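A.B. asks: The residues making up each chain are set out below.
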Amino acid sequence: MTVHVDDSLIKGLINDDNKAISQIYSTCYNPVRSYICKNSGEENDARDIFQEAIMVVYDKAKHNQLNLTCSLKTYIFSIARLLWLKQLKKKQKSIVQLKEAEEYTEVEEDTIEIYNKNTKHALFVKHFKQLSKDCQKIISLFLDGKGIDEVTIIMNYNSTQHTKNRRYRCKKSLINTIRKHPDYKKLKNENYSENNKLPRW
Amino acid sequence: MKITAKITNYLDGKLSGKELDVFLQEVKNNPELSELLSLHKEVDAAIKDKDAQRMREKLDKAYIDFIASENASHKQKKTATGIIRLKKYIKYAAVIALLFSGTMYLIITRNKLSPNQLYSIYYQPYETDIAIRSTDLEKSKILEGVYLYQQGNYNEANKNFSEVVKSNPNCMEAYFYKAMSLMELQKYEEVAHSLHIILENDQSAYTTHADWYLGLCYLKMNKKNKAIRIFSIISDSTAHYYSVKAQELLEKIN
Numbered sequence: 001m002t003v004h005v006d007d008s009l010i011k012g013l014i015n016d017d018n019k020a021i022s023q024i025y026s027t028c029y030n031p032v033r034s035y036i037c038k039n040s041g042e043e044n045d046a047r048d049i050f051q052e053a054i055m056v057v058y059d060k061a062k063h064n065q066l067n068l069t070c071s072l073k074t075y076i077f078s079i080a081r082l083l084w085l086k087q088l089k090k091k092q093k094s095i096v097q098l099k100e101a102e103e104y105t106e107v108e109e110d111t112i113e114i115y116n117k118n119t120k121h122a123l124f125v126k127h128f129k130q131l132s133k134d135c136q137k138i139i140s141l142f143l144d145g146k147g148i149d150e151v152t153i154i155m156n157y158n159s160t161q162h163t164k165n166r167r168y169r170c171k172k173s174l175i176n177t178i179r180k181h182p183d184y185k186k187l188k189n190e191n192y193s194e195n196n197k198l199p200r201w
Numbered sequence: 001m002k003i004t005a006k007i008t009n010y011l012d013g014k015l016s017g018k019e020l021d022v023f024l025q026e027v028k029n030n031p032e033l034s035e036l037l038s039l040h041k042e043v044d045a046a047i048k049d050k051d052a053q054r055m056r057e058k059l060d061k062a063y064i065d066f067i068a069s070e071n072a073s074h075k076q077k078k079t080a081t082g083i084i085r086l087k088k089y090i091k092y093a094a095v096i097a098l099l100f101s102g103t104m105y106l107i108i109t110r111n112k113l114s115p116n117q118l119y120s121i122y123y124q125p126y127e128t129d130i131a132i133r134s135t136d137l138e139k140s141k142i143l144e145g146v147y148l149y150q151q152g153n154y155n156e157a158n159k160n161f162s163e164v165v166k167s168n169p170n171c172m173e174a175y176f177y178k179a180m181s182l183m184e185l186q187k188y189e190e191v192a193h194s195l196h197i198i199l200e201n202d203q204s205a206y207t208t209h210a211d212w213y214l215g216l217c218y219l220k221m222n223k224k225n226k227a228i229r230i231f232s233i234i235s236d237s238t239a240h241y242y243s244v245k246a247q248e249l250l251e252k253i254n
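Quick mapping for you: the protein sequence lines, in order, are chains A and B. Mapping of the first sequence onto the working numbering: position 176 corresponds to residue 176, and the numbering continues sequentially without gaps. Mapping of the second sequence onto the working numbering: position 142 corresponds to residue 142, and the numbering continues sequentially without gaps.
Heads up, a few of these hints could be off.
Partial list, derived from the structure: chain B residues whose beta carbon lies under 10 Å from chain A [as the list claims (entries may be wrong)]:
(1) K2
(2) T4
(3) I7
(4) Y10
(5) N30
(6) L33
(7) L36
(8) A62
(9) E70
(10) A72
(11) K166
(12) N170
Simulated crosslink set (DSS-like; lysine-lysine; CA at most 27 Å straight-line) [as the list claims (entries may be wrong)]:
(13) A:K62 with B:K141
(14) B:K14 with B:K50
(15) A:K62 with B:K48
(16) A:K117 with A:K91
(17) A:K186 with A:K89
(18) A:K90 with A:K117
(19) A:K126 with B:K252
(20) B:K2 with A:K188
(21) B:K50 with A:K137
(22) B:K141 with A:K117
(23) A:K185 with B:K166
(24) A:K186 with B:K187
(25) A:K11 with A:K117
(26) A:K180 with B:K48
(27) B:K187 with B:K252
Don't read these hints as lab results, they were simulated from the structure. Since we're looking at a predicted model, the values are computed, not measured. For each residue, glycine too, the CB sits at the ideal point set by N, CA and C.
Starting from the given sequences, assemble the full structure and let the hints guide the process.
C.D. replies: Right under this line is the structure:
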């Protein structure tokens, strides 16, 4: 992929352009899938890891922190490779016989941090969407900056006190569900200090 | 609920003066409270980040499209190889056909089939190779719908896809799987409606399959002329995945 094409794909990604996203899949998915399936993974793993790699790229591009020194395809593959190695380490799978095929590059140190943040956020949103529609609505209205009086009218509640109590109950329920979830506990415990850096293959 | 109220009021900027100082001191001295405060902040940030949520939905859809195009292209390659092999045998078959041409003509004309018969011969439910785990179901209404379709739960699958198209009228994947679910539920008018929407959108990866299934739908609805029109267009386009089948079907239509 030429630099010019990569730039337009990144621009398309930031702008939610379906064609750009589709082209990213057409050009970048297969090497990731091939690598993961050759190294103890399945199609589902490839699908998930690829999506997480794109979310890292999306996050960096949105915050103007993307400085490509290689092709976008190589960059996405490199992130996916790193994320897969992290998964293998979590599953305590032996990675001695790693099958390398595609060219890859070292990715920035904040890649894992962004990945952790993204996966945590995805978990939070998943639990948020499992709340009742009313709870989702009341929490969203306050986060959108609506005042207590306005929310009371929209939700058709009797009093602002009732609105407040409802909001606190919904939020508490959400937080408690998240804290009890095993995936959250795992994410919380992950620590990528110097001691936990992945070995260089 | 008191802690939730305190944290919420703090995040809303509603604490001030002594109340604020006391709260901040509590956070400093209580690691659990500090962690809880961070969690509240992160959860709020996640819920507010509509861009990321929208991007994930788009990536789910893009993956489904990618797999669908991949499947279509693999099947086209298989069909092309089949055609090359078939051409060899046609040379020999042509000699035999010449000898029996009179008898063959009688056999073919006697074996014209009704639209209903052709439908039962040529209709195969659309197979999707998308691998979905039960843990994916909460991620996306579309993946959930595809999963239900794969499980043969066509009623629920149709409900899912109907919800998706209601909130996103441009989601061709949802219209396609909705049509496939309705096909299994034998609601052919609704099938035709969904497939027409796809065909009006030339950019959809599902246009090829929509053509074919619409033709079959018309057969089942006994709208023979409409079916013939569609299958003629398909068979005239040699690059079309269903071109050979359409040709075959047209020869048998009564």
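A.B. asks: Which hint numbers does the structure go against, in order from smallest to largest?
C.D. replies: Numbers 4, 5, 6, 10, 11, 19, 23 and 24 - these are the hints that the structure violates, sorted from lowest upward.
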